[in-house]
Amino acid sequence: DQQVKQNSPSLSVQEGRISILNCDYTNSMFDYFLWYKKYPAEGPTFLISISSIKDKNEDGRFTVFLNKSAKHLSLHIVPSQPGDSAVYFCAARRVRQGAQKLVFGQGTRLTINP
Amino acid sequence: DSGVTQTPKHLITATGQRVTLRCSPRSGDLSVYWYQQSLDQGLQFLIQYYNGEERAKGNILERFSAQQFPDLHSELNLSSLELGDSALYFCASSVGTGTNEKLFFGSGTQLSVL
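Keeping their order, the protein sequence lines are chains A and B.
As numbered in our numbering, residues 4 to 117 make up the first sequence, in order.
As numbered in our numbering, residues 45 to 158 make up the second sequence, in order.
Isolated chain A (complex conformation):
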């Protein structure tokens, strides 16, 4: 049972435009969500997070939106830059739980075209 799903294995966006990466979850107990970014030959690195008391969290060019009723979150990157080309993982857990309870999606490979 895949509790966190990223249904788009890949996404291609032109430089300067908006990139929107989507993530759906099925476990209604999840209340803390994270996005990780992974470059080739490197491990994932933390990008941005959001707890369920918010519906939006912004950090520079990166904004995460949470729609609890739809059990859906999205990561917006504006404007997209070539350095944003990477695999993005969505992850979820309960807010008081440690990282051992973190459930990851399959990842979306984002390619930014010049």
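Mixed in with the good hints, there may be bad ones.
Chain B stretches covered by chain A per the calculated footprint, using a threshold of three residues with CB under 8 Å from any CB of chain A [unchecked claim]:
1. 58-71
2. 97-104
3. 133-140
Please keep in mind that the hints were generated in silico from the structure rather than gathered at the bench.
Here a beta-carbon is modelled for each residue, glycine too, at the ideal position from N, C-alpha and C.
Use these hints to put chain B onto chain A, whose structure you have.
Only chain B this time, still in chain A's reference frame:
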């Protein structure tokens, strides 16, 4: 550079063999996590150690085992290898607890079982 070191980067072996993956956490981090990423899958949590003691177990097969040594480095032992064990294995160390816990990943060991 996350500060987490994994060796080797690549490992090619045959079915039925046994291998050991090594991880050195960031200086001062007491917690070590092991994850498996199979093709087109998200990161699957295997096991966590904290200051030498097993803290949590995830979807780890009985053929797999891990330990954390007094110097806090950790090893993941995979035995009686099967073709399906081919995957990218990540180690992560963490700082903080609960919501504030942050994972720092190594660059992974790519295991190919032929």
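These are the hints, each one checked on the structure:
1. 58-71: violated (count 0)
2. 97-104: This one holds; 3 residues, not fewer than the three required, reach chain A with a Cβ under 8 Å.
3. 133-140: holds (count 3)
Checked against the numbered hints given earlier, the structure breaks only hint 1 and satisfies all the rest.
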